[in-house]
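Participant: Residues per chain, in single letters:
2 protein chains.
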Amino acid sequence: MKWENFSKLESYKKLAGAGRVDVKAELSGENGAERVKNYQVPMASGMVYSYAAKAVDDGLIDILQELADEAQLQEKYEALYNGEVINTGEKRLVLHQLTRGQLGQDVIADGENKREFYAEQQSRADAFARKIHKGEIVNENGEKFTTAVQVGIGGSDLGPRALYLSLESWAKVNDTLKMEAKFISNVDPDDASAVLSGIDLAHALFVLVSKSGTTLETLTNETFCKDALKKAGLDPSCHMVAVTSATSPLANNPDYLDSFYIDDYIGGRYSAMSAVGGVILALAFGPEVFARIQAGAADADKAATEKDIRKNAAMLDALIGVYERNFLGYGVTAVLPYSQALSRFPAHLQQLDMESNGKSVNRFGEPVDYKTGPVIFGEPGTNGQHSFYQLLHQGTDIVPLQFVGFRKSQMENDVLIEDSTSQQKLCANVAAQIVAFACGKDDDNRNKYFAGGRPSSIIVGDQLTPEALGTLLAHFENKVMFQGFVWNVNSFDQEGVQLGKVLAKRVLAGDTDGALAEYSKLLDI
Amino acid sequence: MKWENFSKLESYKKLAGAGRVDVKAELSGENGAERVKNYQVPMASGMVYSYAAKAVDDGLIDILQELADEAQLQEKYEALYNGEVINTGEKRLVLHQLTRGQLGQDVIADGENKREFYAEQQSRADAFARKIHKGEIVNENGEKFTTAVQVGIGGSDLGPRALYLSLESWAKVNDTLKMEAKFISNVDPDDASAVLSGIDLAHALFVLVSKSGTTLETLTNETFCKDALKKAGLDPSCHMVAVTSATSPLANNPDYLDSFYIDDYIGGRYSAMSAVGGVILALAFGPEVFARIQAGAADADKAATEKDIRKNAAMLDALIGVYERNFLGYGVTAVLPYSQALSRFPAHLQQLDMESNGKSVNRFGEPVDYKTGPVIFGEPGTNGQHSFYQLLHQGTDIVPLQFVGFRKSQMENDVLIEDSTSQQKLCANVAAQIVAFACGKDDDNRNKYFAGGRPSSIIVGDQLTPEALGTLLAHFENKVMFQGFVWNVNSFDQEGVQLGKVLAKRVLAGDTDGALAEYSKLLDI
Chain Z
270 MKWENFSKLE SYKKLAGAGR VDVKAELSGE NGAERVKNYQ VPMASGMVYS
320 YAAKAVDDGL IDILQELADE AQLQEKYEAL YNGEVINTGE KRLVLHQLTR
370 GQLGQDVIAD GENKREFYAE QQSRADAFAR KIHKGEIVNE NGEKFTTAVQ
420 VGIGGSDLGP RALYLSLESW AKVNDTLKME AKFISNVDPD DASAVLSGID
470 LAHALFVLVS KSGTTLETLT NETFCKDALK KAGLDPSCHM VAVTSATSPL
520 ANNPDYLDSF YIDDYIGGRY SAMSAVGGVI LALAFGPEVF ARIQAGAADA
570 DKAATEKDIR KNAAMLDALI GVYERNFLGY GVTAVLPYSQ ALSRFPAHLQ
620 QLDMESNGKS VNRFGEPVDY KTGPVIFGEP GTNGQHSFYQ LLHQGTDIVP
670 LQFVGFRKSQ MENDVLIEDS TSQQKLCANV AAQIVAFACG KDDDNRNKYF
720 AGGRPSSIIV GDQLTPEALG TLLAHFENKV MFQGFVWNVN SFDQEGVQLG
770 KVLAKRVLAG DTDGALAEYS KLLDI
Chain X
270 MKWENFSKLE SYKKLAGAGR VDVKAELSGE NGAERVKNYQ VPMASGMVYS
320 YAAKAVDDGL IDILQELADE AQLQEKYEAL YNGEVINTGE KRLVLHQLTR
370 GQLGQDVIAD GENKREFYAE QQSRADAFAR KIHKGEIVNE NGEKFTTAVQ
420 VGIGGSDLGP RALYLSLESW AKVNDTLKME AKFISNVDPD DASAVLSGID
470 LAHALFVLVS KSGTTLETLT NETFCKDALK KAGLDPSCHM VAVTSATSPL
520 ANNPDYLDSF YIDDYIGGRY SAMSAVGGVI LALAFGPEVF ARIQAGAADA
570 DKAATEKDIR KNAAMLDALI GVYERNFLGY GVTAVLPYSQ ALSRFPAHLQ
620 QLDMESNGKS VNRFGEPVDY KTGPVIFGEP GTNGQHSFYQ LLHQGTDIVP
670 LQFVGFRKSQ MENDVLIEDS TSQQKLCANV AAQIVAFACG KDDDNRNKYF
720 AGGRPSSIIV GDQLTPEALG TLLAHFENKV MFQGFVWNVN SFDQEGVQLG
770 KVLAKRVLAG DTDGALAEYS KLLDI
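Sequences listed follow chains Z and X, in order.
Just add 269 to the spot in the first sequence (first one is 1) and you have the numbering used here.
Just add 269 to the spot in the second sequence (first one is 1) and you have the numbering used here.
Just to be clear, a hint being listed does not mean it is correct.
If chains are identical, the list can't say which one is meant, so a pair holds when it fits in one copy or spans any two.
[Unchecked claim] In silico lysine-lysine, DSBU-like type, Cα no more than 35 angstroms apart, as pairs:
id: 1; residue 1: K360; residue 2: K293
id: 2; residue 1: K640; residue 2: K717
id: 3; residue 1: K677; residue 2: K710
id: 4; residue 1: K282; residue 2: K413
id: 5; residue 1: K677; residue 2: K360
In case anyone wonders, no lab produced these hints; they're calculated from the structure.
All chains, please: the whole structure from these sequences, using the hints.
Facilitator: Given below as structure tokens:
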């Protein structure tokens, strides 16, 4: 297997020299219909990835296929899930796909079968959740727990939180919301104070999540929660479980009711399907629902093994994104789910993408001579239409768009106004936006003129079910992974977060001079 | 007064030719402390704008001052608040500053004194809120209302929601949370369903906000709320008030308990201090707290009249932003409040900034030959540190950062761990990040190398009080306004949102062909 910089590849030169595609011309007029029909890739869970509104054509897709082959995307993915040390900087395997299925050969590490290890932890979490739901594990007064509170930050917060919010309403109407979940993440004391003041502490179960067991924010917030429990006359050790690595100070600790384990082969931002998300989501929705999310993700992982990019949505999405970044010069991607339930999904993708591929060195620590990961942001539609879409339509920069839409709502409670339901209005809006962005509109009044040529893709599903959610999550994980392979970066470390931590410690220790001392004064530390 | 394109100005050429400033060199070492002390501007409400970590020096600030003078920023602001037709495309005055104070001369329009009109509407809203709080206006069963639900989208949602969340915890500990507030915005039926299923309908008061009275999402959600009330055996007309223009179908309508008015001179994204935010916030926090937010904003408006940019935080912030956008080539700005209460403030600024200045034509409808408004995104710190900061520190693009921090927490409930409180840790982190971004760190291991040179500013306040919040809101409104003046765009219209609306109507009417028809099929409309 060859790990080469993107700019050294033959396909890089071909892409640089290839003619640009005018998406406005391609999608406008009657040919547009054929294009929409043809430029679709089936995904797992009955979803579909549509790229008709991207600035690509068959010739360009052929070069992207050459790139996929030349960069050995499939081989690298295979090596990853078969247990090669893909996270070279930290000398770690990258096994998050194994949390939800067995893709390739058995991976044995640290003397154990890793798929079995992850499955066993989830099975323990499931059994624990069932006992909580049945009232077999109760608080110090023999009463059932009603609320689960996740205490974690970054990957221990954003993914699990996004998934919880994605299915909270769905679980209510499907009668499978077992416990309400809350989240505490920020070291800002107002975060913990606000959450703790809004819950029934006596019936709250805290899930403390830190792989290392040393995360500043999480340990601080743990103390916050313990203090609140003690002040309420409760015993913290009856109200807490830990999700951590087997070697952390939180493991096998009498301070907790139980501990569930992860390991170094699951990066924080890729950990939503491990015990990091598995404990809180099994508690909230029940183990069966969490298993359905995992199944949707596992199916997406399988679909991503396809070599033909016209049949592999994650890989095609990745390659089009690379093309837009490196040859069309677009530095930002907006993620726009037309689903209120996905309100925090863009915040998860923001971490997933920007922390994975926001790098300036390749996997060997050498500077790269091309752009890597873009800025990711987004809000749900139609809300965004009444906010930042103005710039997306008529601003001076082009921002590629990643839409997500579902034919049915989650709660299927709706109203008919002017002959259409709210759900139909929602879907009509996303269809309209795709065409508006790509095709624009001529107008002699330049103020009302839309240049068009603003590319987008859309992932369409029938309904945001647990399976669809798992597929969506894994799609983006795999997209980011493939892009990292093309850019030849290590998508699984995050050295860029270290310097701030070191300097913050110096501030707290009073070990500052120059600007740092003066900023500390300004903030009265 | 002269409205000229930025690129025609003498100061534009000077900025293009001026030497670039190495912020890493300037801020590193012992000189850094002096720089932090000197590069500060006092703001209203005792806050301060610090720009020591921006890539500017005294010489460059002098040219930015020339730009401010040449572009007549002060004169244009004065013309705006004195009632000139600044929103030329829509032929409207721009009077949002008048909602919170009288800055210049009386503005008479539509036969009335506009300051008096806005003040009267707020005074009516205040009286209404007091009656609700005292139980003088009650539901059909003679019971007090306990929850206020804002139904609105875009500017009728993001600003009021951000402000409510900013002060919810503060109001709780200061014993002035009169009613809990909820928000319904998205046309996605799951949004209204989720909110309505989570509240006590019998004691809920709905605030329906639409200036035109014709906003698709808001009217749809109104029906949703009415249906839910009727199903619960309640009378919708006893549970709703409207905030709208005097000529809208919602005005003086027996369907509502009362109506409060705005007019065409308050753009949606600038409307948080009008009745759009004033009704819901007076209900939630009481009229006195809302008056304090307004006072903080009015003080910031006054501070923005200063001609010397070294004493005018909003103007200096605007000019540095323009310099970064047009001469350093940065296309994105991240807003990073180190305050969990400001969790949705970046979403408000995203609309404010991107909808105002995301334009490609000048105020006369002629294409401009320079970049205008950047993409804005952000999340609270320290959360972001564990998410997308990797890219900000080590990515291939530089993203200017706008930090906000407070010396004290809102709830002042804290824990001491390793000799520091959570609040101290929060403040230490933001101080550390500023220096880490600007100064970087050398390392032979390129993976652990930080290039630095990543510019930021910080707004520091003592505590996030109502006054501080008002100041913060107005600071950004005025910053965006000044940038619009420099770019010579109309920051007060939003023609870019129209095309999507038109096409969505065609989809719902079945009037589609080509790509639009096929996307409609894909989404099963």
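Participant: State whether the alpha carbon distance between K677 and K710 is at most 35 angstroms within one copy, between copies, both, or neither.
Facilitator: Answer is within; shortest intra-copy Cα gap is 30 angstroms, inter-copy 51 angstroms.
Participant: How would you classify K677 and K360 at a CA-CA limit of 35 angstroms: within, between, both, or neither?
Facilitator: neither (45 angstroms within a copy, 42 angstroms between copies)
Participant: Are the CA atoms of K282 and K413 at most 35 angstroms apart within a copy, between copies, both, or neither?
Facilitator: Classified as neither; 63 angstroms inside a copy, 71 angstroms across copies.
Participant: How do K360 and K293 come out at 35 angstroms by Cα distance, when the copy is not named: within, between, both, or neither?
Facilitator: between (46 angstroms within a copy, 32 angstroms between copies)
Participant: Given a CA cutoff of 35 angstroms, do K640 and K717 count as a within-copy pair, a between-copy pair, both, or neither?
Facilitator: both (34 angstroms within a copy, 19 angstroms between copies)
In summary, the numbered hints that this structure violates are 4, 5.
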